[in-house]
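There are 2 protein chains.
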Amino acid sequence: MIVPMAGIYGGVETGGTWVVCALGTGPDDIAAQETFRTGEPGPTLERIADFFERGPRPAGIGVGSFGPVDLDPGSPTWGSVTSTPKPGWAHTPVAPVLAGRLGLPVHFDTDVTVAALAEQRWGAARGVDSVCYLTIGTGIGAGLLINGRPVHGLVHPEAGHLRIPHDRSRDPFAGACPAHGDCWEGLAAGGAIRERWSADPSALPDEHAAWALEAEYVALGILAIVLVASPQRVVVGGGVMERAGLLDAVRAHLVQLNAGYLQTPLMGVDIDRYVVAPALGDRAGVLGAIALAQAAER
Amino acid sequence: MIVPMAGIYGGVETGGTWVVCALGTGPDDIAAQETFRTGEPGPTLERIADFFERGPRPAGIGVGSFGPVDLDPGSPTWGSVTSTPKPGWAHTPVAPVLAGRLGLPVHFDTDVTVAALAEQRWGAARGVDSVCYLTIGTGIGAGLLINGRPVHGLVHPEAGHLRIPHDRSRDPFAGACPAHGDCWEGLAAGGAIRERWSADPSALPDEHAAWALEAEYVALGILAIVLVASPQRVVVGGGVMERAGLLDAVRAHLVQLNAGYLQTPLMGVDIDRYVVAPALGDRAGVLGAIALAQAAER
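In order, the protein sequence lines correspond to chains B and D.
For the first sequence, position 184 (counting from the first letter as 1) is numbered 183 according to numbering that gives the first Met the number 0, and the numbering increases by one without interruption.
For the second sequence, position 36 (counting from the first letter as 1) is numbered 35 according to numbering that gives the first Met the number 0, and the numbering increases by one without interruption.
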């Protein structure tokens with residue numbers, strides 16, 4: 000039997016494409032880390048368990064998963080991925096399988112919620128109680144902390160699927176979301192850019208019309224988040240946002256959309272301090288999973 | 000000097016048109032109540048103070064105000080209405096004036112946040128931790144409780160000003176919001192209905208095209224709230240929603256917009272238990288102001 004090591008926690012980010020596992024206490028103290036492709040659920044969960052069985056044994060494990068997931072502690076399917084279109088993964092009981100296999104407490108939330116926790120604890124939202132972490136990548140996901148705590152509720156934030164204005168005379172693209180067509184994700188995620196322009200987003204030059212449209216759509220969705228949940232900071236990551244100039248263009252649109260209505264400098268001259276890039280890059284997920292386990296076990 | 004009466008609290012709802020003051024402990028125990036038109040700030044605050052000076056003296060007073068308001072306890076303008084277009088009221092320090100005049104603790108939040116507190120405590124959201132109270136009246140306002148607590152943050156929810164899809168080929172109306180034109184409020188509040196159809200909303204018959212469009216717009220905004228904040232219940236009040244059949248039409252649109260994506264019966268067959276009418280009617284504001292004072296003083 001592996002003896003639990005005081006103070007060390009496990010983190011797992013199960014992403015749509017990659018799984019990241021780590022053992023440690025924070026960004027500067029990772030004892031072991033492994034990244035592999037997300038495959039079928041059975042072998043993938045097996046490989047995660049193998050990672051942790053090699054030791055040292057953590058006091059608990061946090062998992063940040065792609066969604067939608069069941070976070071209701073009273074539900075028989077708590078800790079499962081629910082209605083994902085990802086082949087084989089719908090209704091996979093991720094947390095229960097890992098907890099049963101490893102005999103360890105497993106804590107579970109969405110990938111974006113744990114990323115918000117990581118950015119709040121170690122990154123771009125330190126000292127901020129109320130944080131939105133947004134990722135614009137293959138899809139669009141938002142995690143939300145209010146009064147320092149993850150927001151669950153009916154399910155959890157699924158902001159990618161809200162509807163934004165879509166002027167078909169300027170952008171005739173019907174949208175890429177299998178469920179909703181031209182919801183926010185259907186218009187503005189990486190997959191939508193690829194479909195609309197029949198090109199890999201990274202292959203579109205900075206001056207391509209794609210990016211002006213993208214800035215507008217991203218700003219419209221952030222505006223909805225700001226006006227509904229009023230976070231004190233919005234951290235915007237994901238592969239699409241790595242495009243040079245895009246974050247600044249999003250900020251400019253947001254200020255314009257606000258039109259002086261919210262009379263705070265953070266939605267005006269200080270927008271650069273309100274809508275910010277992540278500080279932890281693609282480590283936010285796995286680090287946030289560690290933060291989730293730490294917070295739950297303390 | 001009036002001796003404070005144990006257990007009794009004061010509540011004030013300062014609405015755009017009416018002010019309601021009350022003294023009591025809850026909906027079935029109101030010792031005194033007064034309603035009068037909202038006038039210029041000076042005389043209006045004076046009249047509120049007069050009401051409370053007549054006694055019995057409460058242990059504290061809650062105020063639910065039209066917004067936007069400053070809720071930052073560290074701000075020099077805490078307790079003020081900020082950027083309202085209501086003549087004379089911009090930058091009025093409502094809570095500080097009442098606290099100074101009455102020598103009582105005064106607690107302050109938005110009218111819709113306190114209405115959410117009232118519906119949670121005594122009304123249509125009893126036993127629910129995470130509640131959105133939405134009013135579709137002259138304007139559109141949303142108050143939000145997450146994990147049982149009012150949501151503040153950058154400012155407070157201002158969901159009325161989010162942008163929803165607006166198909167100008169079907170609805171050429173440019174929108175009624177002075178700041179944003181066709182934001183949610185600019186398309187769907189009572190003022191927008193009046194401008195679009197050049198008629199008082201109450202004069203439009205049930206079968207008028209106004210109501211099908213209204214149901215669609217209201218549903219689009221609620222969808223954004225559901226997907227961003229994931230409340231466990233949405234209470235929808237306000238004069239516009241009193242129209243027969245409108246709430247049911249909104250529910251039908253919401254289910255259709257969700258398209259099975261959130262796999263919960265509450266966004267499907269059980270939508271009637273998710274999006275509900277208020278139980279406290281137009282008393283929610285003043286009762287919620289009492290609830291705010293009670294919660295803060297306990």
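A portion of the hints provided could be inaccurate.
[Said to hold, decoys possible] Here are the computed distance ranges between Cβ atoms for each label pair: (1) D170(B) - R148(D): 36 to 42 Å; (2) G126(B) - R167(D): 39 to 45 Å; (3) T16(B) - D71(D): 48 to 54 Å; (4) N146(B) - G41(D): 31 to 37 Å; (5) V268(B) - R125(D): 26 to 32 Å; (6) G87(D) - G244(B): 41 to 47 Å; (7) D27(D) - T16(B): 33 to 39 Å; (8) R125(D) - G6(B): 56 to 62 Å; (9) W17(B) - D166(D): 35 to 41 Å.
It is worth saying that the hints were derived from the structure and are not from the lab.
Every value quoted in this text rests on a predicted model; they were computed, and no experiment measured them.
Ideal Cβ positions, reconstructed from N, Cα and C, are used throughout, including at glycine.
Taking the CB of T16(B) and the CB of D71(D), does the distance hold inside 48 to 54 Å?
violated (41 Å)
Falls inside 31 to 37 Å, the C-beta gap from N146(B) to G41(D)?
At 35 Å between Cβs, range holds.
Could you say whether the range 41 to 47 Å given as a hint is met by the Cβ separation of G87(D) and G244(B)?
This hint holds: roughly 44 Å between Cβ atoms.
C-beta pair D170(B), R148(D): status relative to the range 36 to 42 Å that was hinted:
holds (40 Å)
For the pair V268(B) and R125(D), does the Cβ-Cβ distance stay inside 26 to 32 Å?
For V268(B) and R125(D) the Cβ distance comes to about 44 Å; the hint is violated.
Falls inside 56 to 62 Å, the C-beta gap from R125(D) to G6(B)?
Violated, since R125(D) and G6(B) (Cβ atoms, about 42 Å apart) do not stay within the stated range.
Can the suggested window of 35 to 41 Å be confirmed for the beta-carbon pair W17(B) and D166(D)?
holds (39 Å)
Is 33 to 39 Å right for how far apart the beta carbons of D27(D) and T16(B) are?
Since the Cβ atoms of D27(D) and T16(B) sit about 57 Å apart, the hinted range of 33 to 39 Å is violated.
Outcome of range test on Cβ distance (G126(B), R167(D); 39 to 45 Å)
holds (44 Å)
The structure fails to meet hints 3, 5, 7 and 8 from the earlier list, while all remaining hints are met.
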